[in-house]
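For the record, the sequence lines run as chains A and B.
Number 390 marks the last residue of the first sequence (our numbering); no jumps.
Number 561 marks the last residue of the second sequence (our numbering); no jumps.
Any given hint could be a false lead.
What the hints assert, rightly or not - Listed next, the in silico DSSO-like pairs over lysine-lysine satisfying Cα-Cα at most 27 Å (straight line): (1) A:K264 - B:K131; (2) B:K131 - B:K411; (3) B:K131 - A:K57; (4) A:K57 - B:K127; (5) B:K74 - A:K44; (6) A:K265 - B:K352; (7) B:K189 - B:K411; (8) B:K201 - B:K127; (9) B:K240 - A:K44; (10) A:K264 - B:K352; (11) B:K240 - B:K201; (12) B:K411 - B:K396; (13) A:K57 - B:K201; (14) B:K131 - B:K189; (15) B:K131 - A:K265.
Claimed, not checked - The following label-pair restraints were derived from C-beta to C-beta distances: (16) B:P295 - A:R50: 26 to 36 Å; (17) A:A102 - B:R145: 30 to 40 Å; (18) A:A102 - B:R228: 28 to 38 Å; (19) B:L339 - A:D285: 46 to 56 Å.
Said to hold, decoys possible - Here chain A is said to cover these stretches of chain B; the calculated rule only asks that three of the stretch's residues, wherever they fall, bring their Cβ under 8 Å from a Cβ of chain A: (20) 194-207; (21) 253-262; (22) 313-323; (23) 328-338; (24) 346-360.
If you are wondering where the hints come from, they were derived from the structure by calculation, not from laboratory data.
We put the beta carbon where it would ideally sit given N, CA and C, even for glycine.
Here is what each chain is made of, one letter per residue.
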Amino acid sequence: MTLRPIGWCAAALLSVATPARAQTAIGTDQATPPPAAIQTSAFKPRRVERFLNALEKRALVTRLFTPADGLGVRIGGITDGSGLAVGPAWRHSYLAGGHVQAHASAALSIRQDREVEAGIVLPHLAADLVRVSVSASATRLAQEDFYGLGRESIQANWTTFGLDRRAIESAITVAPVRWLEVAGGLATLRTTVADVVDPQVFAPATTYRRTHAAATIDYRDRPRNPRSGGRYHVALQRFAAADDARASFKRLDAELEQHLSAWKKQRLLTLSAVVSLSEADAGHDMPFYMQRTLGGSRLLRGFVHDRFRDRNLVVLQGEYGWDVTPFINAVLFYEAGTVAAQVRDLSLARVRDDYGLGFRLGSTGAVAFRTDLAFGGDSTRFIMRLSHAF
Amino acid sequence: MRSSIIGRLSLTLAAALAAAHVVAAQQAAAPRFSPQDPILRAVDRGVDAGAISRDPLGNYADFVLNTFFSPGEKADGRAALNVNTLDEVPDSSWFTNRSAMSLDEIVRGPARSARLDVREWVIIEGKDSGKQPGFRAIDAADPSRQVYQLEFDPIGNPELATGAEIIGTAIYHALGYNVVDVYLVDLEKASLRIAPDATIKTNGRARPFTQHDLRALLRNVARQPDGRYRALASRFAEGKNLGPFRYSGIRPDDPNDLVPHEHRRELRANRVFCAWLNHDDSRAINTLDMLVGAPGHHSVRHHMFDFGSMLGSGTDGSDLPWVGHEYVMEGQPAVQSLLSLGLYRRPFMSVKAPHSLRAAGNFTADRFEPAAWKPHYPNPAFSNMQPADAFWAARKLAPFTPEVIAAIVAKARYSDRRVSDHMIATLQRRRDQVLRTWLTAINPIAEPRIVDGELHFTNAAIDAGHASATARYELSWFHYDNSRGLRSFGPSEIVAMPRGVVPEAAFTARDYAGVEIRTRHADFPNWQAAVRVYFRREAAGWTTVGIERTARDASAWRLGR
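Excised from the complex, chain A in its bound form (with noise of 0.2 Å):
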């Protein structure tokens, strides 16, 4: 950057460090007009000043994660899989003097998923303790990736099917504290499959009726980006088909989560374990479009998407990070995970495992974007998410 001239200021300045101007710099702070020869201008900020300063005023950054009030923009995925989403929302937040907020929104992802949605949340009920929430959507799922079922599944049988999911969905939260939720729902769910190559497997059209119940222990310092602390989700579920489609099961769901850190946080160990376990009601069985599924970035990530899936899940995941800069930190990753028809097969003697490495983006409140390269599965897989990985 350089200077420019100024000349009558060059003269000015020299007042007070010289002499020569001194005598016309001093004996009088009285504002006396302006001399002739004396123009300023305005300031002509530089484009590159112009773009971050309009970006921080519109808070655009902010409302890439937080869509402001009003009309917006819908940025994301609609599942994990769709690929990007991209559609209009809406959202209002203090209605009713800020008692209730409400959303709507729909999204069409490049792999053709599409999505449709709306909700209301009243988010303040006994001060602030207890949050209620209700809200409905309607989701297309085009392809939706098939392996077929269990660990031994093979990639080369990769077929798609199609998904239509409709649901209404009710829910209750309790915070007592700020380290506890409990959380208890209702919800009325439609499926519909399309496309589905292997007559084997178990894929009714139903309607359920699902209800649920679920605790959080979330003590991380912070929970965008963790350092230290840990999160412990338990929830069951059941599934009960409406219809006679004798599709009925329950599920119960957990995921353990612990973050440790050394070096005043500058290096983290995060250590995570996933289990989902169902059991279908007797005489009836699991849909597969139902069942958990490992691969894709979350879980597995040296596996693509839904590469393998089954009734019960567990996988285990160990990851080491360091602070490259406050912006920038560097994880390797190893994890490793089954799926089986029985709880009693989840062994992890057979297990798949994958490792890698790769970089989170943001600050140290919160992750904004993530690429992770994984090796050890199907294939090395390149990853890139506007999220963390747990």
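Go by the hints and put chain B onto chain A.
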């Protein structure tokens, strides 16, 4: 672009002229000293500045411009441009010499009253900048509707940010900077009322401020054992907000802003004060220009503000561990960390800080090196700091004795005595380290004067206890031709005490005389660089009119960007 009275001098030329004027005066035709020297008050309110507009500079731009570009002109060894002939900073709209303050005045700082008693606060606006939770409010009983910004401590660190603000404001005021009035207040939730038209900005858009916003705010801030909330009330400064001032360049629309900010001594030397206080947040965003004065007589008053992220405070918690040790973006340690897979242990990772004192954050004197201290990101004025700037700052800092520091810390009203003790001890240790570094960096001759025919001066480093009193002084007297800038050397002597007899006989019929002082000290060979002192004969005797400090090896001065 401003027209020129003396021609369109480039700044470079102007700076060179100003910085080198003492030396150049030997060849110059103009007298070096005018009858008005030394100037004690710079006139920077001479032209109406009413047409000035707000500087739109934001956080992002300030960070990017200072991190990836190099705004401002490099000092390259040149002295500050706004010093007078005594090498001091005259009073101005930027700075006021306040060395004569009493202890009570220092502790009171800029506050207009000893305390702020408000029975009911009316919230008029949410706070939409900075990390510290708070809002803007007025006293319901105040007909003038004076606006205050109320800010609270992070929930995990009671008294941390508010304590830092109180201490920082008092110290910066005593140092000579313009700061805003701040008060500690204890308030109950019942004393807060939301104005019907109060708004808050979320994601850049304004909406009504609701009870839920207030509840959410109070839920996430520290609360005292008695249920009340401790807050810092900052009185909005007088005048029209013009945004921040920058640490480089000048305000193009301020006709009185004459000295490029990176060449202002009080801004360059602020690096010393910031190092002492670990004020890493010392950047343009935390400064404030206010348009003051009556129509037709407007001028700009320059303030420092927002001291919530200093000492051990990071505003929303303890300060980040690398603060003061590294810029937020540092190439070499980043590469070392990356390639070593994190096994390279950066120096700041070994710093010992008081984890158990939450109100103190991580304020520590462990591994504190004043010359190596860094703000959050590069500051062009700090990067230009020269030894004489640092020496000036160190002398400003010397009066902060343990008694003064203790009195200022007491103003923060820490509820835990251990926190007060830690803050006092750490401020003292860091102050001593600063003084040891900068008072000894150049020949520390100070306060030269002639009294009853005898030269008296002090050695600032010895007086502060940071060098042994074993110095000897080589005095070389000269008479000075002010009109031609010529020195003619006469008698010289070596003395063991900081005084000497003026050889009046050699100066008969002379208006100007001087002495060149070189200090011989076994521990500080750099003190042999000459300090030249100029005196003018007046009716009452010889008056000190000029001090010129030379560096023994200016090229060795490398403070880094």
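Sort out whether K411 of chain B lies within 27 Å of K131 of chain B, counting only the CA atoms. 23 Å, holds
Decide if the proposed pair is consistent with the structure: K265 of chain A and K352 of chain B, CA atoms, cutoff 27 Å inclusive. 14 Å, holds
Okay, the segment 194-207 of chain B and chain A, do three or more residues pass the C-beta test at under 8 Å? The restraint on the segment 194-207 of chain B holds, since 5 of its residues have a Cβ under 8 Å from chain A and three suffice.
Count the residues of the segment 328-338 of chain B with a beta-carbon closer than 8 Å to any beta-carbon of chain A: does the count reach three? As far as the segment 328-338 of chain B goes, the hint holds, because 6 residues have Cβ atoms under 8 Å from chain A.
Hey, K411 of chain B versus K396 of chain B, does the alpha-carbon distance stay inside 27 Å? 21 Å, holds
Measure nothing beyond the straight line between the CA atoms of K131 of chain B and K189 of chain B; if it is 27 Å or shorter, mark the hint as holding. 21 Å, holds
Would the hint linking K189 of chain B and K411 of chain B be met if the CA-CA limit is 27 Å? Holds, because 24 Å separates the two Cα atoms, which is no more than 27 Å.
Is the hinted range of 28 to 38 Å satisfied by the C-beta distance from A102 of chain A to R228 of chain B? 36 Å, holds
If you check the beta carbons of L339 of chain B and D285 of chain A, does the distance land in 46 to 56 Å? 53 Å, holds
If you draw a straight line from the CA of K57 of chain A to the CA of K127 of chain B, is it 27 Å or shorter? 14 Å, holds
Decide if the proposed pair is consistent with the structure: K201 of chain B and K127 of chain B, CA atoms, cutoff 27 Å inclusive. 8 Å, holds
Please count how many residues of the segment 313-323 of chain B have a CB within 8 Å of a CB from chain A and say whether that reaches 3. It holds: at least three residues are needed, and the segment 313-323 of chain B offers 3 whose Cβ sits within less than 8 Å of chain A.
Violated hints for the displayed structure: none, as all numbered hints are satisfied.
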